[in-house]
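The residues making up each chain are set out below.
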Amino acid sequence: MQNIQRKHAISHRLTSAFVLVFLVAGCGKQKTENDVNLETVYAPEAGGTLVDAMTGEPSGLIPMIAGESAASAVAGNIFNSLLKYDKNLELEGELATSWLVSPDQRTITFTLKPNLKWADGKALTSADVLFTWKLVTDDNTRTPYASDYKLVTKAETPNAQTFRVTYAQPYAPAMDSWAGLQILPKHLLEGQDINTTAFARQPVGSSYYKLESWRNGERISLVRNANSTQGPAKIEHLVSRFIPDAASQFLELLADNIDSMNLNPIQYARIFPARPELIKKIGLYKELGNNYTYLGFNLKHKPFDDIRVRQAINYAINKQEIIDGVLLGLGEPVSSPYKPGTRWSNPNLQPYKYDPAKAIALLKEAGFKDHNRDGILIRDGKPLAFEILTNQNKQREMSAVLIQRRLKEIGIDAKIRVMEWASFVGRFIKTGDFDVVLLGWGLSLDPDQFSIWHSSQQGPGQFNFIGYNNPQVDKLLEQGRMELDPDKRMKIYHEFASVLQEDSPIVYLFAGYGLPAIHKRVKGIDNPAPPAGIGHNSYEWYIPKPLRRTEMSSD
Amino acid sequence: MRAMLIKSLSNPLAMLGFIIIAAVLLFALFAPVLAPFDPDAIDVKSILLSPSPQHWMGTDGLGRDVFSRMLFGARISLLVGIVAVGIATIIGIVLGAISGYYRGWVDVLIMRLVDVMLSIPTFFLILAVIAFLTPSIWNIMIVIGLTSWMGVTRLVRAEFMSLHGREFVLASQALGARDGRLIFKHLLPNSLTPIIVSSVLGVASAVLIESGLSFLGLGVQAPQASWGNILTDGKEYIEFAWWLSLFPGLAILITVLGYNLLGEGLRDALDPRTANKSS
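Chains as they are written, first to last, in this note's numbering: chain A, 1 to 555; chain B, 1 to 279.
So that you can see chain A by itself, here it is in the shape it has in the complex:
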């Protein structure tokens, strides 16, 4: 044991000496590197290493247990689901070759592709799918994702290639849920406690990549899976380095130590344009994220139970100013709770225009007046004042400052309180002890937002923490879940969005663009990004041999 540790220490020292040499050599070599033309067209070829950066380290690689974005980002390259979304966000088979919905819309039969294999060579069958379903619905499994799958009343495997689920009543988000459940190998997990299994750190999957090594606090390396159910990927190694600080990530990108990261608007719109040598080697992309930022009222608190107050605040906030000032124009205004430009977003809705005069008129109508001429409106002896709570997120803090100023102009005294995320959720969101929050929603691709808006979802820890209660919306949400016909469903959600828009329980602020930067040595990237985002075909990306960096073996 001791010997092994010793050896490790030595090899570490050797690596750092090596790094030093490499850095020194790097300085001299710069000129030749610049000579390589990154714009040349190369034929696709396999091999090479892509290094990206992650802010957090996954706690494990079983996504249903880890439940964090860091885990799903890595696990998405290792595991497959039955279905997946194609580049235009339409569902297609991943492990399934086809699926059939029964006429009563309650039963779905999936047929798996033939000859599927796990990375260790064992056969992947419907028994694995059934096993995974049992796992996710098991009460001993600590997962936040069980609810969708618990609606399945019967799951069966008529043969090794067929998996059939039956619901008590038609459930439209079911399809999306089967695109979200990553299938786990029964032969490795049976009889183990999924919450604590060592499998989380040495996963075996079926997708393009398999785990090569995982160095705590440093990096996860994936290598191509020869048995991939989806065919071979081009890039040989995927390395994810854990770099918590965005500013350090950026320095690493500039130093050519990582190939990709997500930029912030300042980096994208200010730093890059000012430095042509960066544009030469790093490609910038833009994709609209499936999320939006909003100002939410606690509808159980006065005066936010008054629709006129909510609308007045909505009119008083200049959303374009926030998009220009905070996102440097790299965002879109939002008027329904869906990604702008998708099928579910109602194209007839317009955001509330910036109109302070109308806001003042609405507040006057609601009974607010500046009795003591101090610039702050008063009703029933109480000033119109509240606290805007948000978490430590630069964009949200800056938006709050802009909103605060606009509200002051119409006589509302808003204070800002910025909190660390965990205590923010624990002390204010779960207890409902807040007036106004500035937060964001990250959305799934299915339009069902029952858990966010339905009046039954107001318990502690549930998502309708603003206390929204509208019977009409409740009914629409219930209908939307039962309707499997996409066109009819679309109409339901368009109506839902227009009710929300009128009612103004939240003020939509913006949907920001994701701004991936990827080194130009990586080829095969779709630009502009399709609706599914830039990464939808990452398995087709390739790094031509002349452009690969001098690889240092990691072990």
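These aren't lab readings, by the way, just hints derived from the structure by calculation. There could be a bad hint or two in this list.
As the list claims (entries may be wrong) - Think about it this way: if two alpha-carbon atoms lie no more than 25 Å apart in a straight line, the pair counts; the simulated DSS-like pairs of lysine-lysine are:
no.: 1; chain 1: A; residue 1: Lys286; chain 2: B; residue 2: Lys45
no.: 2; chain 1: A; residue 1: Lys415; chain 2: B; residue 2: Lys235
no.: 3; chain 1: A; residue 1: Lys394; chain 2: B; residue 2: Lys235
no.: 4; chain 1: A; residue 1: Lys394; chain 2: A; residue 2: Lys302
Here the structure of chain A is known, so what remains is to put chain B in place on it, guided by the hints.
Chain B only, in chain A's frame:
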């Protein structure tokens, strides 16, 4: 007293410290007159402009004028420093006087309390307390004050103990002076010099603590400017907008340096042992 001040200012470094502090105080005092812009005025059309004749220290991520914010930030930093040290000094004098004058079990009790407080790293104690309170400038002053009185207590106690046996005190006691008169007329005035020195040095550390807290987002809240939170804003843009980090960093450095120079200068001038050397 005045002679000592003059004497200490004859030391060039102490003089420099005095000038720095006087300048910062003047800037803070006349911030509304000196500031070319409203420190909270947002202008999304002039985000992150580099220093220019119009914006001497450039603009920040929301287009606010950094120079104006620095001036108003000086007020916060100095106010926090002075009030916090005021609180600490008052507590320190009271406890130190009781401890040094009455001695016995009161002394033991207070000194053990001092030991307990000193054994906790102050900054982390403050962090823990602030996490439970609403972060605001008043809470910060109070919390810094309540966690930095131990040094003064020890000084006052030691001073009282050494003065206790002196002739003038004994004489006064023999004439029938009460405790109050002894403490306030004789002991306290004669212990003032080390208290002043430690207060001046205390302001320096209070300014640092406030900047640290604001940098971590637990101090002065937006949109109010403080050097600490201007520095935080700058962190994100450091390789692009250097002016957002440089100016508040320099301001903190220079102010703290000023207080330290003045404090050290005063100490040298007031301490008879070093005074002989320097003259």
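*Does the alpha-carbon distance linking A/Lys415 and B/Lys235 stay inside the 25 Å limit?*
holds, 24 Å
*asked:* Between the alpha carbons of A/Lys394 and B/Lys235, is the straight-line distance 25 Å or under?
replied: Holds. A/Lys394 to B/Lys235 sits at ~11 Å (cutoff 25 Å).
*Take a quick look at whether A/Lys286 and B/Lys45 sit within 25 Å of each other, Cα to Cα.*
Cα-Cα ~22 Å, so holds.
_Check whether the Cα positions of A/Lys394 and A/Lys302 lie no farther apart than 25 Å._
Violated, at roughly 29 Å.
When the structure is compared with the earlier hints, a violation turns up for hint 4 alone.
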